[in-house]
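Let the hints inform the model, and build the full structure from the sequences given.
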Amino acid sequence: MKHKTILITGASRGLGLALARHWQGDNCVIGLARTRPEQLGPDARFYCCDLADAQETTRVMQRVARDFPKIDLLVNNAAILTSLPLGIMKADDIGRMIDVNLKAPILISKAMFRKMIQSKSGQIVNILSMAPKLSVVGDSVYAATKSGLEAFSRVLNKEGHPFGVHVNNIGLSAFPSGMLDQILGDHADKVLGLIPHKQFAPLREIVAAIEFFEANSCDIGGQTLYFGGV
1 MKHKTILITG ASRGLGLALA RHWQGDNCVI GLARTRPEQL GPDARFYCCD
51 LADAQETTRV MQRVARDFPK IDLLVNNAAI LTSLPLGIMK ADDIGRMIDV
101 NLKAPILISK AMFRKMIQSK SGQIVNILSM APKLSVVGDS VYAATKSGLE
151 AFSRVLNKEG HPFGVHVNNI GLSAFPSGML DQILGDHADK VLGLIPHKQF
201 APLREIVAAI EFFEANSCDI GGQTLYFGGV
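FYI, the numbering used here numbers position 187 of the sequence shown as 187, with every residue one higher than the one before it.
Where hints are given, some of them may not hold.
As the list claims (entries may be wrong) - Across the chosen pairs, the derived CB separations fall in these ranges:
| # | residue 1 | residue 2 | range |
| --- | --- | --- | --- |
| 1 | Arg59 | Pro196 | 41 to 49 Å |
| 2 | Asp93 | Gln24 | 32 to 40 Å |
| 3 | Gly87 | His3 | 45 to 53 Å |
| 4 | Leu194 | Ile117 | 35 to 43 Å |
| 5 | Val137 | Gln24 | 32 to 40 Å |
| 6 | Glu38 | Met1 | 23 to 31 Å |
| 7 | Gln62 | Glu159 | 15 to 23 Å |
| 8 | Arg96 | His3 | 32 to 40 Å |
| 9 | Leu194 | Phe163 | 38 to 46 Å |
| 10 | Gln62 | Thr35 | 16 to 24 Å |
| 11 | Gly193 | Gly25 | 32 to 40 Å |
| 12 | Ala151 | Arg96 | 14 to 22 Å |
| 13 | Val137 | His3 | 41 to 49 Å |
Simulated from the structure, these hints should not be mistaken for lab results.
From the three backbone atoms N, C-alpha and C, an ideal C-beta is built for every residue, glycine too.
Okay, here's the thing in structure tokens:
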């Protein structure tokens with residue numbers, strides 16, 4: 001994929017950073033996260049934003065819309081996870097997961113959707129999770145946010161199709177990231193034990209899936225491609 005303008009949320013670490021670094025150079029990469037990572041080269045544009053703050057997210061997206069005449073691809077990747085049984089989960093943790101995992105991508109999609117409609121082309125790819133399919137204890141709220149984003153995507157795709165704008169999803173099994181390390185520590189084998197394929201999702205296949213959606217944006221929309229055999 002070359003000569004595209006790509007906006008990636010959660011671009012400071014993990015999959016978001018890996019995608020930004022992969023597409024950098026041949027494309028105009030725009031990163032969005034709370035802090036700018038040192039590993040992201042100087043030619044990438046970066047906007048600092050707390051995605052849990054709806055007003056700040058809206059303001060930053062207005063800046064992005066002003067700064068770039070066209071967005072070809074939006075990757076809604078940012079997400080947070082607090083894994084606890086609902087009965088002992090704090091209300092603040094519930095609210096923050098909903099704000100970052102569901103509300104923020106809706107607000108960001110809204111802003112970019114308008115620009116894509118003006119251009120009569122564009123692809124939105126949301127990074128979902130295996131959590132709704134596996135029903136892991138402690139992930140009820142996280143799974144709900146990802147299921148909600150999938151439902152949102154199907155409807156938004158129908159709204160965008162007449163204008164050449166499509167929305168698809170990647171149902172990620174697991175990808176080595178800061179969030180995963182923070183949750184698991186040295187117990188990554190526990191997650192691998194839940195995944196039928198018993199492996200982390202390879203970056204090259206995630207990239208290939210996103211680029212497939214971007215390159216075939218005439219009649220492929222509202223779909224979710226799951227990794228890991230879930």
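Among the hints numbered above, which are violated by the structure, and what are their numbers in rising order? Failing hints: none at all.
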